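Take the given structure of chain V and dock chain S to it, following the hints.
One letter stands for each residue in the lines below.
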Amino acid sequence: MSESIKKLMYLNRRAPYGTIYAWESLEVVLIGAAFEQDVSLAFVDDGVYQIVKGQDTAEVGMKNFSPTYFALGGYEVTKLYVEKESLEERGLTIDDLMPLTWEDEDDDWAEKDSIRLVSREELAEVMAGQDVVFSF
Amino acid sequence: MPIEVNGKSLETDEEGYLVNLAEWEPEIATIMAKEDDLELTDEHWEIINFLREYYDEYQIAPAVRVLTKAVGKKLGKEKGNSKYLYALFPYGPGKQACRFAGLPKPTGCI
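These protein sequences, in sequence, are chains V and S. Residue numbers for the first sequence follow the numbering used here, beginning at -1 and rising by one. Residue numbers for the second sequence follow the numbering used here, beginning at 244 and rising by one.
For reference, chain V alone in the conformation it holds in the complex (with noise of 0.2 Å):
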């Protein structure tokens, strides 16, 4: 691996609509894709509430862009962290998120699972290890 190569991880911690964080946080992981870095996203707190299962958005008046998710794969956005803590304080367990997965292309196009169960201890080690945490 290339020395230039940085490890980014986007970091969403608020529920997808009434402000801006989410999406802007998902456009510029997919700008930023494009830049072949390391690029892992995590989701804690409310930011869980992003890649949960049946968003409908109709009452609200936003676009519902959580189906924009399920293209990260395609984008080799592969790293998708979810704290465990921040599931379970919301009453949430990981068959309540999207089925997130990416196709490995040198494995014969096999479906693999991006999201990643770990512990709020487990996730400090993670962010520990990158050179830079947007946080959103």
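Hints in this document: simulated from the structure, not taken from any laboratory. All figures in this text were calculated on a predicted structure; none of them were measured in a lab.
Derived lysine to aspartate or glutamate pairs resembling DMTMM-like cross-links, with alpha carbons at most 20 Å apart:
(1) S:Lys312 x V:Asp106
(2) S:Lys312 x V:Glu74
(3) V:Lys61 x S:Glu296
(4) S:Lys348 x V:Glu22
(5) V:Lys51 x S:Asp299
(6) S:Lys316 x V:Asp111
(7) S:Lys322 x V:Glu101
(8) S:Lys317 x V:Asp105
(9) S:Lys320 x V:Glu74
(10) S:Lys320 x V:Asp105
(11) S:Lys316 x V:Glu109
(12) S:Lys277 x S:Glu254
(13) S:Lys320 x V:Glu101
(14) S:Lys312 x V:Asp36
(15) S:Lys316 x V:Asp104
(16) V:Lys110 x S:Glu300
(17) S:Lys338 x V:Glu25
(18) S:Lys322 x S:Glu289
(19) V:Lys61 x S:Glu300
(20) S:Lys316 x V:Asp105
(21) S:Lys317 x V:Asp102
(22) S:Lys317 x V:Glu101
(23) S:Lys312 x V:Glu103
(24) V:Lys51 x S:Glu300
(25) S:Lys316 x V:Glu103
(26) S:Lys317 x S:Asp299
(27) S:Lys320 x V:Asp104
(28) S:Lys312 x V:Glu101
(29) S:Lys317 x V:Asp104
(30) S:Lys312 x V:Asp104
(31) V:Lys61 x S:Glu266
(32) S:Lys316 x V:Asp106
(33) S:Lys312 x V:Asp102
(34) S:Lys312 x V:Glu109
(35) S:Lys312 x V:Asp105
(36) S:Lys348 x V:Glu25
(37) S:Lys317 x V:Asp106
(38) S:Lys316 x V:Glu74
(39) S:Lys317 x V:Glu74
Chain S alone, transformed into the frame defined by chain V:
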């Protein structure tokens, strides 16, 4: 400048992308292509339709690199490369083909 199609005048942005995606019809691609001195073939339509399906599924226009890979997977390696796609869309498969398909400019296209 608005684009005239089937007696309707449809709004486009300053770079010629359709403002309202829902107004798209195939005729629009043909008209836009003619303005770029292109005659649309089945091979062009294959990519245009592919882009529309991609947008329908993910709600974004793909970056060129992503498009190239996805085309390779769906339509075969001989089509999933920039040489093939640029031959069809000389102004860039992302920008030009997305415009013909009525999509916004690809995210990450600067």
